[in-house]
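**Q** Each chain, letter by letter, is given below.
Number of protein chains: 2
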Amino acid sequence: MVRVPLSPQERERGERFGALLRQARGERSMVDVAAAAGVSAETLRKIETGRAPTPAFFTVAALAHALGLSLDVLAAACAEDAGQGGEALSA
Amino acid sequence: MVRVPLSPQERERGERFGALLRQARGERSMVDVAAAAGVSAETLRKIETGRAPTPAFFTVAALAHALGLSLDVLAAACAEDAGQGGEALSA
DNA sequence: CATGCCCGTGATACTAATACCGGTATAAGT
DNA sequence: ACTTATACCGGTATTAGTATCACGGGCATG
Chain A
1 MVRVPLSPQE RERGERFGAL LRQARGERSM VDVAAAAGVS AETLRKIETG
51 RAPTPAFFTV AALAHALGLS LDVLAAACAE DAGQGGEALS A
Chain X
92 MVRVPLSPQE RERGERFGAL LRQARGERSM VDVAAAAGVS AETLRKIETG
142 RAPTPAFFTV AALAHALGLS LDVLAAACAE DAGQGGEALS A
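Residue numbers (this note's numbering), protein chains in the order written: chain A, 1 to 91; chain X, 92 to 182.
Since the hints were derived computationally from the structure, they do not count as laboratory data.
Certain hints may be false.
For each label pair, taking beta carbons as the anchor points, the in silico distance ranges come out as [unchecked claim]:
1) A/Glu42 with X/Ala167: 21 to 29 angstroms
2) A/Val2 with X/Arg102: 18 to 26 angstroms
3) X/Glu133 with A/Val31: 37 to 45 angstroms
4) X/Thr140 with A/Arg28: 35 to 43 angstroms
5) X/Ala168 with A/Ser7: 27 to 35 angstroms
6) X/Ala132 with A/Glu42: 19 to 27 angstroms
7) X/Arg119 with A/Ala35: 34 to 42 angstroms
8) X/Val95 with A/Ser29: 21 to 29 angstroms
9) X/Met121 with A/Val4: 17 to 25 angstroms
10) A/Ser29 with X/Arg142: 33 to 41 angstroms
11) A/Ser29 with X/Pro96: 23 to 31 angstroms
12) X/Arg119 with A/Glu27: 20 to 28 angstroms
13) X/Arg94 with A/Pro5: 31 to 39 angstroms
Okay, the calculated bits of chain X under chain A, using three or more residues with CB under 8 angstroms as the criterion [what the hints assert, rightly or not]:
14) 113-119
15) 146-153
Negatives, chain A to chain X, calculated, CB over 10 angstroms [what the hints assert, rightly or not]:
16) Arg13
17) Glu15
18) Ala19
19) Arg28
20) Ala36
21) Ser70
Note that the Cβ used here is the ideal one computed from N, Cα and C, for glycine as well.
Required output: the full structure, derived from the provided sequences and hints.
**A** And the structure:
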């Protein structure tokens, strides 16, 4: 087991992540945002649909920049949902 | 060529990125931070040394959380340098 | 109505990230 | 001096992200 397959939780988190991006995209087209971020439209689509649940950091950073989103907010929005059962590892 | 190999610029950006993480880690050990972030120590080492120049978003998010860093600051610090080979338009 | 364009999508190809293993070097503690 | 702990390094295995190709649906135009 050298490379653990993505957990269902990670998949779901990716879906939520993509949903956030799609929501932030609003009326803008995929190709427009993708071009602004410097990634291919297909990649953006995969991220939005959750088929790429764990995209690269800089890809996300570029998309967030193109959409005017904060990476911290984005990560927090997904992390909160991901650990909604009760994450008591910090205290 | 369906998957463009990483550019030298991306490699350098990864090195800077890793340097930032290492700096933020300070005196803490790799295994400690890696465990806190939920990634393997080898992965953290590869990211810090620049051998993994484009880590996954959530991996970076977890590391930043473990280190108390802001993702936006982190991305901005790398993006500035990654832009061109010498943008010194400081007014 | 046919054609072309934009959007979104599925399939395919290829590289890279993640994790594990063994070995090595340095520093500290006993 | 031996052991322990930390970090570095090479290789290996497997999954996953990213880009190109090719297709279907909707809309405007000729």
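**Q** Against each hint, give a clear statement of whether it holds in the structure.
**A** Hint-by-hint comparison with the structure:
Remark: the range hint 21 to 29 angstroms for A/Glu42 to X/Ala167 is upheld by a beta-carbon distance near 27 angstroms. Checking the proposed 18 to 26 angstroms range against A/Val2 and X/Arg102 shows it holds: the Cβ atoms sit about 24 angstroms from each other. Under the hint 37 to 45 angstroms, the C-beta atoms of X/Glu133 and A/Val31, about 38 angstroms apart, fit the expected range. Restraint check, X/Thr140 to A/Arg28: a C-beta distance of roughly 38 angstroms satisfies the suggested window 35 to 43 angstroms.
At about 30 angstroms, the beta-carbon gap between X/Ala168 and A/Ser7 stays in the expected band of 27 to 35 angstroms. For the hinted restraint 19 to 27 angstroms between X/Ala132 and A/Glu42, the CB-CB distance of approximately 34 angstroms leaves it violated. For the pair X/Arg119 and A/Ala35, the beta carbons lie near 40 angstroms from each other, so the given range of 34 to 42 angstroms is met. Take X/Val95 and A/Ser29: their Cβ atoms lie about 23 angstroms apart, and the range 21 to 29 angstroms holds.
With their beta carbons about 19 angstroms apart, X/Met121 and A/Val4 fall inside the hinted range of 17 to 25 angstroms. Remark: the range hint 33 to 41 angstroms for A/Ser29 to X/Arg142 is upheld by a beta-carbon distance near 37 angstroms. Distance hint check for A/Ser29 and X/Pro96: the Cβ-Cβ separation is about 29 angstroms, which falls inside the suggested range of 23 to 31 angstroms. With their beta carbons about 45 angstroms apart, X/Arg119 and A/Glu27 fall outside the hinted range of 20 to 28 angstroms.
Between X/Arg94 and A/Pro5 the CB atoms are about 20 angstroms apart, so this pair departs from the stated range of 31 to 39 angstroms. Taking a C-beta to C-beta cut-off of 8 angstroms, the segment 113-119 of chain X contributes 0 residues in contact with chain A, too few for the three needed, and the coverage statement is violated. Closer than 8 angstroms: that is the beta-carbon criterion, and the segment 146-153 of chain X has 7 residues meeting it against chain A, so the requirement of 3 holds. Non-interface status of A/Arg13 relative to chain X is broken: a Cβ of that chain comes within 10 angstroms, the nearest being about 7 angstroms off.
Residue-level check passed: A/Glu15 sits 13 angstroms from the nearest beta carbon of chain X, beyond 10 angstroms. With a least CB separation of 15 angstroms from chain X, A/Ala19 remains clear of the 10 angstroms interface cut-off, as annotated. Remark: the non-interface label on A/Arg28 is consistent with the geometry, its nearest Cβ contact in chain X lying 21 angstroms away (cut-off 10 angstroms). At roughly 14 angstroms, the least C-beta separation between A/Ala36 and chain X is larger than 10 angstroms, which holds for a residue marked as non-interface.
Not every Cβ of chain X is farther than 10 angstroms from the Cβ of A/Ser70; the closest lies at roughly 6 angstroms, contradicting the non-interface assignment.
The structure fails to meet hints 6, 12, 13, 14, 16, 21 from the earlier list, while all remaining hints are met.
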